[in-house]
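> Next come the chains, spelled out residue by residue.
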Amino acid sequence: MYPADVPTKRKNRMLLWIAVSFGVLAVVVVIVATLALGGVKQAAEQNDQTAEEAPVATNDQVKQSMAVLDAAVKQADTDRAAAKAALNDDNAVKVSD
Amino acid sequence: MEAAVKPMSVRRVLAAVLLSLLLAVYSPMALTTSAQSAQDSRQLQQLKQKITKELDRRTAELQATLRKLNSDVRIDNIGLDASLNSLNGRNLSVEVSPDTKKKAKELAQKYITQLGELKQKVNDTDTLEEAQEIAKAVDSQSKLTQTVSVQASMTKAVESLTGAFDRMRSSANQLQGQVTKVKSCADGNSGASYCSAANGADAKESAANAQAQLDNAKTIMTTIGSMLASLVAIVLALVMAVVGVTTSLAGGSLGDASGTQGLGSLTGILSSFTALGSQLDLTGGLTSNASGLLGGVTGIMSMFNL
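If you read the protein sequences in the order shown, they are chains A and B.
Numbering follows the working numbering, with no gaps: position 27 of the first sequence is 27.
Numbering follows the working numbering, with no gaps: position 289 of the second sequence is 386.
So that you can see chain A by itself, here it is in the shape it has in the complex (with noise of 0.2 Å):
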């Protein structure tokens, strides 16, 4: 497996460095794993609550919301009749001869 001119000692010196290697990646990889997944349980658990704290609007909310929302349709189609206004205006006066 190793030359038959490296040193015992140096075979094991190596095998060492490579076991601790793989130790200290393997306790990198579970670290990053568990805070990986923690950070995706917790983004989950403040996704669900604040699925369950969505207040519903009462009754009186909607009313103004749907006064608000004729308002806003009322005004469009007064903005678009006088968009329509302009570009059929034939109100300009020849003031030439």
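Derived DSSO-like pairs: lysine-lysine, alpha-carbon spacing no greater than 30 Å straight-line:
(1) B:LYS199 - B:LYS218
(2) A:LYS84 - B:LYS207
(3) B:LYS216 - A:LYS84
(4) B:LYS278 - A:LYS63
Don't read these hints as lab results, they were simulated from the structure.
Assemble chain B onto chain A, guided by the hints.
This is chain B only, laid out in the frame that chain A set:
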């Protein structure tokens, strides 16, 4: 003592006769010239009044449109139900970009200023010929000022519709929350206070009815969203086209525009605005329909103690 009266010499008599003749000839000429001058002056005043009136009309129209454009429409785009917030993965947020509005306003403002300058020029004119030249110029650019007015008012119309759509999404979102809550009455929450309707209506049936109407409204709203997105893009393109043409016309100043190639482009742009107007009508009609459906859902939900 009485001085002796000398008889007039023939030369003097002749001079007197000639002077009389000259006077007799000059008087009608002077009268005619004076009358002509008075008539010219009257015509000049009439023409100046006519031009000023037309310039005032155009200015008033542009100012009214500019005032409307200066008020912004509120677009929230927040807290919307997921089903209303996206269309095929695209965000359904539709609004006229501030840049489009800025360009439309700048153009309208520029023409208001130029119409003011033209009015001043009319006031300062003291010859009929000069006034007639201005009158010709004013007539030749009537389509130009109309296009400037149309681009501004169309921008405002599209903006108002995006505002109405935004309010509609907000209302639909609220109603969906209410409908979902009433639906839960059939899933074991029947004891909740909001489950008993004022007129004894069945919660499950009412919720199903409301959901059906809401779904119809949502389908229409998806179409409105697509149409509005298209309107927003078209109005930007047309505003840019108007900016381009007006800049090329007489160097952007209000001179005599007759015979200028750009006037042909204005006709094309106005036709495009006509098509935009038709699309606006269609979108406006759909908005009213969807709004009516939401009104129906509101009616159903108001029976419950929400």
